[in-house]
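J.: Sequence lines, in order, name chains X and L.
Counted from 1, the first sequence has number 198 at position 198 by full-length UniProt numbering; the numbering is strictly sequential.
Counted from 1, the second sequence has number 257 at position 257 by full-length UniProt numbering; the numbering is strictly sequential.
Hints may contain errors.
[To be verified] Pairs of lysine-lysine residues, derived as BS3-like cross-links and limited to a Cα-Cα distance of at most 27 angstroms, are as follows:
id : chain 1 : residue 1 : chain 2 : residue 2
1  : X       : Lys175    : X       : Lys74
2  : X       : Lys158    : L       : Lys405
3  : L       : Lys272    : L       : Lys78
4  : L       : Lys374    : L       : Lys272
5  : X       : Lys201    : L       : Lys153
6  : X       : Lys74     : X       : Lys201
7  : L       : Lys388    : X       : Lys175
8  : X       : Lys245    : L       : Lys32
9  : L       : Lys91     : L       : Lys32
10 : L       : Lys73     : X       : Lys25
11 : X       : Lys245    : L       : Lys91
12 : L       : Lys374    : X       : Lys245
13 : L       : Lys388    : X       : Lys25
14 : L       : Lys359    : L       : Lys405
15 : L       : Lys405    : X       : Lys201
16 : L       : Lys374    : L       : Lys236
17 : X       : Lys201    : X       : Lys175
18 : L       : Lys153    : L       : Lys78
19 : X       : Lys158    : X       : Lys74
20 : L       : Lys236    : L       : Lys272
21 : X       : Lys245    : L       : Lys287
22 : L       : Lys78     : L       : Lys287
23 : X       : Lys201    : X       : Lys341
24 : L       : Lys353    : X       : Lys25
Because the hints were derived from the structure by calculation, they are not lab data.
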Amino acid sequence: MAFDLTPLDLFDPSSYPTRRNEEWKYSDLARVLREVPSRAVLTHLQAATGDFGGFYWHCAGDGQLGDLQAAVAKANGRLYLDLSDVGAEGVVAGYQGEGRITLGVGEHLILLEDYSGALDYAANTTLHFELAKGASLTRVVILDEPEGAVSVRRSTVKTAPGSAFKQYVFSTGAKFQRFETHVEHAGHGAHVEMHGAYLLKDTAHFDYTTRVNHAEIDGTTEQLIKGLVKDRATAVFQGRIYVEKGADGTDARMRHQALMLNDGAHVRAKPELEIYADDVQCAHGNTIGALDEAALFFCQSRGMPEDTARAMLMQAFVVPVAEQIEDEALREMVLNWIEDKAGGFYAL
Amino acid sequence: MAAVKETIETVQKLETYEHGFVSDIEMEYAPKGLSADIVRFISAKKNEPEWMLEYRLAAFERWQSMDEPDWAKVEYQKVDYQDLYYYAAPKPKAKLNSLDEVDPELLAVYAKLGIPLKEQEVLAGVASAPKYAVDAVFDSVSVVTTFKDELKKSGVIFCAISEALREYPDLVRQYLGSVVPVSDNYFAALNAAVFSDGSFVYVPPGVRCPMELSTYFRINAENTGQFERTLIIADKGAYVSYLEGCTAPMRDENQLHAAVVELVALDDAEIKYSTVQNWYPGDAEGKGGIYNFVTKRADCRGARSKVSWTQVETGSAVTWKYPSCILRGDESVGEFYSIAVTNGMQQADTGTKMIHLGKNTRSRIISKGVSAGKSSNTYRGLVSAHAKAGGSRNFTQCDSLLIGKTCAAHTVPYVESDTATAQFEHEATTTRLSEDQLFYAMQRGLSQEEAVALLVNGFVRDVLQELPMEFAVEAQKLVAISLEGSVG
Numbered sequence: 001m002a003f004d005l006t007p008l009d010l011f012d013p014s015s016y017p018t019r020r021n022e023e024w025k026y027s028d029l030a031r032v033l034r035e036v037p038s039r040a041v042l043t044h045l046q047a048a049t050g051d052f053g054g055f056y057w058h059c060a061g062d063g064q065l066g067d068l069q070a071a072v073a074k075a076n077g078r079l080y081l082d083l084s085d086v087g088a089e090g091v092v093a094g095y096q097g098e099g100r101i102t103l104g105v106g107e108h109l110i111l112l113e114d115y116s117g118a119l120d121y122a123a124n125t126t127l128h129f130e131l132a133k134g135a136s137l138t139r140v141v142i143l144d145e146p147e148g149a150v151s152v153r154r155s156t157v158k159t160a161p162g163s164a165f166k167q168y169v170f171s172t173g174a175k176f177q178r179f180e181t182h183v184e185h186a187g188h189g190a191h192v193e194m195h196g197a198y199l200l201k202d203t204a205h206f207d208y209t210t211r212v213n214h215a216e217i218d219g220t221t222e223q224l225i226k227g228l229v230k231d232r233a234t235a236v237f238q239g240r241i242y243v244e245k246g247a248d249g250t251d252a253r254m255r256h257q258a259l260m261l262n263d264g265a266h267v268r269a270k271p272e273l274e275i276y277a278d279d280v281q282c283a284h285g286n287t288i289g290a291l292d293e294a295a296l297f298f299c300q301s302r303g304m305p306e307d308t309a310r311a312m313l314m315q316a317f318v319v320p321v322a323e324q325i326e327d328e329a330l331r332e333m334v335l336n337w338i339e340d341k342a343g344g345f346y347a348l
Numbered sequence: 001m002a003a004v005k006e007t008i009e010t011v012q013k014l015e016t017y018e019h020g021f022v023s024d025i026e027m028e029y030a031p032k033g034l035s036a037d038i039v040r041f042i043s044a045k046k047n048e049p050e051w052m053l054e055y056r057l058a059a060f061e062r063w064q065s066m067d068e069p070d071w072a073k074v075e076y077q078k079v080d081y082q083d084l085y086y087y088a089a090p091k092p093k094a095k096l097n098s099l100d101e102v103d104p105e106l107l108a109v110y111a112k113l114g115i116p117l118k119e120q121e122v123l124a125g126v127a128s129a130p131k132y133a134v135d136a137v138f139d140s141v142s143v144v145t146t147f148k149d150e151l152k153k154s155g156v157i158f159c160a161i162s163e164a165l166r167e168y169p170d171l172v173r174q175y176l177g178s179v180v181p182v183s184d185n186y187f188a189a190l191n192a193a194v195f196s197d198g199s200f201v202y203v204p205p206g207v208r209c210p211m212e213l214s215t216y217f218r219i220n221a222e223n224t225g226q227f228e229r230t231l232i233i234a235d236k237g238a239y240v241s242y243l244e245g246c247t248a249p250m251r252d253e254n255q256l257h258a259a260v261v262e263l264v265a266l267d268d269a270e271i272k273y274s275t276v277q278n279w280y281p282g283d284a285e286g287k288g289g290i291y292n293f294v295t296k297r298a299d300c301r302g303a304r305s306k307v308s309w310t311q312v313e314t315g316s317a318v319t320w321k322y323p324s325c326i327l328r329g330d331e332s333v334g335e336f337y338s339i340a341v342t343n344g345m346q347q348a349d350t351g352t353k354m355i356h357l358g359k360n361t362r363s364r365i366i367s368k369g370v371s372a373g374k375s376s377n378t379y380r381g382l383v384s385a386h387a388k389a390g391g392s393r394n395f396t397q398c399d400s401l402l403i404g405k406t407c408a409a410h411t412v413p414y415v416e417s418d419t420a421t422a423q424f425e426h427e428a429t430t431t432r433l434s435e436d437q438l439f440y441a442m443q444r445g446l447s448q449e450e451a452v453a454l455l456v457n458g459f460v461r462d463v464l465q466e467l468p469m470e471f472a473v474e475a476q477k478l479v480a481i482s483l484e485g486s487v488g
């Protein structure tokens, strides 16, 4: 089955998906891009390579993401992919590019992807991953983009028997931010995890869309997405688990939990199961609610000021996603990042 | 074990679709096809007031500009709307003064279906047996409504909607289309233009309807679409429980059933609406069967009002149906309990919408889907909380059970929240019939078919419990019958 990505070319307004497209029902890209004042064909990605805290640093340039495969060859299992964009005063830059990474039999890669930047830009990047038998890819994605950015980050993943794909996405949103992952699940012991956490405030918009297609027997998928939304921010989670005919022994679980910190924030969730095989275990859960008053009361009754108690409970809500990262250095880095971002977030 | 044994016996007894017979009754048709003239014909046939004709014509115009929806997970051969009869009614022999004068052949149809149309038949039963009034709709017209007088004594109006349009035009005008507007969707617009009959219920303030009300829909004529319209209003503090049943003959052609049901609950009122849908599902190869494209919606307009939908969907070739609640009144409650069983080549795309607008509104969704054979069963639902719906709560559970390798089960929930104090929980699971449980049941001496019936009835029990007594027993049998031949 081919990956079903909505055709999108930033430089061709007729390709912009509207809300009439069911896949883009909650994220109106056409509207947002119409508001972008100008779309100069400019790229501000500075090509660079080097060492970054134990990672091989690859920074893309010239509108393309560069030769990622060559970077992987040099990375020795740890690659830092820097897609930060600096933008430029007074202009809105637009860039789009595609990159491809293939992991051979039994190869392992830890990939840290950094999407941050300053000022406004519109970006559309697509990464294609292919895993051979027994390969493993851990992908930690930091989406720390500027408030005015419009970004669509998409990826396709092909797994092979016995391979493992783990993805952890952390986002603070942007004017428009969509992170889409399409996985072709090879089954036969292959394992897929797609987790995420978001901290959204002001008018930030974050859309996390995942599609997993179980085509073969004995595949497992796990998903845990948690997040906080405040002010007038919007969180969108669209997950679909598709189990083809004959993909028996599939075990797939998906969970999305959102905390809303004030009225006027928005949460949209669409966790789908589409199942054509009978010997499967599939489940999804979705909860949306406010901070647990009882827990808050308990903390306060132990002498904790309300602000501190709130901050602690909110942190405790999203941190479990980061804590699942096996690599210690990476986990610490993400936990620090969350703490840093959360500083201004908890205060109501 | 008595219940299981009974189920099995029923299964054996009913090798095929029990209600698939055709009755030879002299009918009166409108010319085939759909045009403004046909709309006028139907309206004239019913002696409707002028405003009603205008309403219909506006709906027809609207319908022409709309497209048939294609987002549901169902595939079917599109209906040729010009190749249908929009009005088919048994020829009236003479003016009827009482039930005894109803065409005996018609009465025979209902006797065969087990629907008591003669009040004394109902009364003749066990003294403690609950009474229920029936409105029988045969193709395009309501042929009989029982217990009308007794209901009238307590102020309850229960009659055919065409009669209500003549007798209580102001009431109908006030509420008709106020829950499902003409432009709501393609099938609702079509229904508004050509609806022929259906039930009208009005329960005055503070009245608890003394008996269960029920409508029995029967499609008989060939190449006919059935477009019924039901409107139920529970005034302040009123209560009514309404049951709906449907069957149709076995035919090789697909037939269209596009109904609209509107419920209005004012302050402190409660409406319980139960459906046992057993339209002809088509044969094992998917030939024939009813297209069931239905719009059902309740408006919990008043504070503390409550609407509860319970449905058992076992029939129809294609089902497109989402009974919904608009929870407008503060502290209003919406409930949706559903069992959808598909077998053979059936396709069902069904679910609900719970739209929380008022403060502290609550809703609960329990959906159990069972798919077998080559069928496809989709739960599609929306739960949304408006920014002003502070304190609203929803609990959703939708479970799917798969029997066999060739069926499909889908879950497509939409959850939208705009308020911090809403609390929404949604759980869904998809599994197959447990081998262990099956083995255990068979090891205790049950045959495979019995064991499956037992386990499936256990799976749907949460919903069966919500059905009124008489329906629960029937529904349990239906579930077993629908799954017949699905194992092995």
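J.: Against this structure, judge whether each hint is valid.
T.: Tested hints:
no.: 1; hint: X:Lys175 to X:Lys74; in the structure: violated, 35 angstroms
no.: 2; hint: X:Lys158 to L:Lys405; in the structure: holds, 26 angstroms
no.: 3; hint: L:Lys272 to L:Lys78; in the structure: violated, 34 angstroms
no.: 4; hint: L:Lys374 to L:Lys272; in the structure: violated, 33 angstroms
no.: 5; hint: X:Lys201 to L:Lys153; in the structure: violated, 60 angstroms
no.: 6; hint: X:Lys74 to X:Lys201; in the structure: violated, 38 angstroms
no.: 7; hint: L:Lys388 to X:Lys175; in the structure: holds, 25 angstroms
no.: 8; hint: X:Lys245 to L:Lys32; in the structure: violated, 43 angstroms
no.: 9; hint: L:Lys91 to L:Lys32; in the structure: holds, 17 angstroms
no.: 10; hint: L:Lys73 to X:Lys25; in the structure: holds, 17 angstroms
no.: 11; hint: X:Lys245 to L:Lys91; in the structure: violated, 51 angstroms
no.: 12; hint: L:Lys374 to X:Lys245; in the structure: holds, 12 angstroms
no.: 13; hint: L:Lys388 to X:Lys25; in the structure: holds, 23 angstroms
no.: 14; hint: L:Lys359 to L:Lys405; in the structure: violated, 45 angstroms
no.: 15; hint: L:Lys405 to X:Lys201; in the structure: violated, 46 angstroms
no.: 16; hint: L:Lys374 to L:Lys236; in the structure: violated, 47 angstroms
no.: 17; hint: X:Lys201 to X:Lys175; in the structure: holds, 11 angstroms
no.: 18; hint: L:Lys153 to L:Lys78; in the structure: violated, 47 angstroms
no.: 19; hint: X:Lys158 to X:Lys74; in the structure: holds, 22 angstroms
no.: 20; hint: L:Lys236 to L:Lys272; in the structure: holds, 15 angstroms
no.: 21; hint: X:Lys245 to L:Lys287; in the structure: holds, 24 angstroms
no.: 22; hint: L:Lys78 to L:Lys287; in the structure: holds, 14 angstroms
no.: 23; hint: X:Lys201 to X:Lys341; in the structure: holds, 11 angstroms
no.: 24; hint: L:Lys353 to X:Lys25; in the structure: holds, 17 angstroms
Violation of the numbered hints given earlier is confined to hints 1, 3, 4, 5, 6, 8, 11, 14, 15, 16 and 18; the remaining hints are satisfied by the structure.
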